[in-house]
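Asker: Chain by chain, the residues run as shown.
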Amino acid sequence: MQIYKVSQITRYIKELFDIDDLLQDLWLEGEVSNFSRSTAGHIYFTLKDEEAQIRCVLWRSQAALQPHLPQDGEAIIAHGHISVYEVQGVYQFYVDTIRPVGVGLLYLEFEALKSRLEAEGLFASERKRSLPPFPHRLGVVTSPVGAAFRDILNVLGRRYPLVEVVLAPTPVQGDEAPDGIVAALSALERYGDVDAIIVARGGGSLEELWAFNDERVARAIYASPVPVISGVGHETDFTIADFVADVRAPTPSAAAEIAVPDQQELRSSIELGRQRLEQAMQGRIAKWRADLEEERSALRRLSPRSMVEGYRQRLDDLTERALSHLRHRLTIQRERLRGCVLQLQSLSPTLTLARGYSITRHLATRQIIKSVAQVSVGDAIEVQVSDGRFGGVVTDGCE
Amino acid sequence: MDVSELTFEEAFHELEETVRKLEEGDLTLEESIALFERGMRLAEYCGEKLDKAELKVKQLISSLKGEVEIAPFEPS
Chain A
763 MQIYKVSQIT RYIKELFDID DLLQDLWLEG EVSNFSRSTA GHIYFTLKDE
813 EAQIRCVLWR SQAALQPHLP QDGEAIIAHG HISVYEVQGV YQFYVDTIRP
863 VGVGLLYLEF EALKSRLEAE GLFASERKRS LPPFPHRLGV VTSPVGAAFR
913 DILNVLGRRY PLVEVVLAPT PVQGDEAPDG IVAALSALER YGDVDAIIVA
963 RGGGSLEELW AFNDERVARA IYASPVPVIS GVGHETDFTI ADFVADVRAP
1013 TPSAAAEIAV PDQQELRSSI ELGRQRLEQA MQGRIAKWRA DLEEERSALR
1063 RLSPRSMVEG YRQRLDDLTE RALSHLRHRL TIQRERLRGC VLQLQSLSPT
1113 LTLARGYSIT RHLATRQIIK SVAQVSVGDA IEVQVSDGRF GGVVTDGCE
Chain B
42 MDVSELTFEE AFHELEETVR KLEEGDLTLE ESIALFERGM RLAEYCGEKL
92 DKAELKVKQL ISSLKGEVEI APFEPS
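As they're listed, the protein sequences go chains A and B. Counted the way my numbering counts, the first sequence spans residues 763 to 1161. Counted the way my numbering counts, the second sequence spans residues 42 to 117.
These aren't lab readings, by the way, just hints derived from the structure by calculation. What you were told as hints is all true, and nothing was included just to trick you.
Which stretches of chain B does chain A cover? Using the computed rule of at least three CB atoms under 8 Å from a CB of chain A, they are: (1) 46–54; (2) 58–70; (3) 86–98.
Okay, the calculated beta carbon distance ranges per label pair: (4) B:G88 - A:L1064: 42 to 52 Å; (5) A:D937 - B:P116: 22 to 32 Å; (6) A:E1071 - B:G88: 57 to 67 Å.
So the derived list for chain A, only partly shown, Cβ under 7 Å to chain B, looks like this: (7) L924; (8) A930; (9) A949; (10) Q1025; (11) I1032; (12) R1038; (13) R1046.
Even for Gly, the Cβ is constructed at its ideal location relative to N, Cα and C.
Kindly generate the complete structure, drawing on both the sequences and the hints.
Answerer: Laid out in structure tokens, this is it:
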């Protein structure tokens, strides 16, 4: 026989609860009683019907997310899971969502549609289109009489009055609203000349916003050929339209702000552009001026004037060198000439004649007579001695 | 293209592009002056466009035959 400890069996029971799919994710309808809030901020109450009751806990963090907290006696629908609180040995309903019964049914419908469309891929982030940064024409699907449209026009006029607004008017609450919104989107599509569309409605009750949870509206937004911005209700309202839209804005005004650039920022950018142009230009001019100065001094360095001066000097040098060379050559020549004259003088017959020699010539032929064979008796001859000449006649042979 | 023929968006983008080119590009003096003057004209033009802009509002009216007409918006 096995004997268990209380904690062991309690843990076993808890595990039985925790592996049960139904108990882990369920909606429960009932009437609230014993509603209380602990000092820590957690909420405890009992949910009951005619025959049974169950203890409920709503943690503080979850309580803060509820748009509506119930009072005793109120009929609600709540979502959560059932598990065991081991310390006290009780099972409890751990609530994460509370809706009043009427709204709660709508909410269930909403959740069902949301899951279905999500599964179909209508909310897929990869199909979200980016908005045109400078739209020319914006379609607005809303009521022409609501505050939403006025707010949108105010924001667009203040931020980016260059845009043209094309209103596709439609009722935004009541039974005609879903068809009206679908028709307005289709009219914009046929008109064909808008860059993006704002689908908007001011704040209201869940029932008043209900058209934006309509499947037809969701599909029409999905099918829009241009990006759609949703701006429905207040910050805390999420509609199916918000999930399908390419961009969700918390309010109509916010949708208008997202749709267009802000002219104040544009003006700053333009002014900044102008300053940058001026700075860039001044920078360039300063650089060119510096370059120019550099070129100018290079030019001075290389100018013909300095070249001419250089040549002139070289020419001077060369001339000088040529002249001194010439002078040197002249001196040498002169020396040589004198040597020649001296040599010539030493070879001259004059000196020989002075020593007593004479030169004898034929008077007629002027031939110098070096051999007796050249003369015959009776030939007229001329004899040159150192100081003059005299004539004679060959008289006799000496042989 | 003449500046006055541009849309605001085109002029604004060209201004950004012109600033970038003048800041980065390896340009001749003539090119720089041309870019600078073009950029200044673009900046001027963009400012004027914003100054003169007035929000235009129209509304679509669907006829019974399902045709769509456009009309000035008359706030009621």
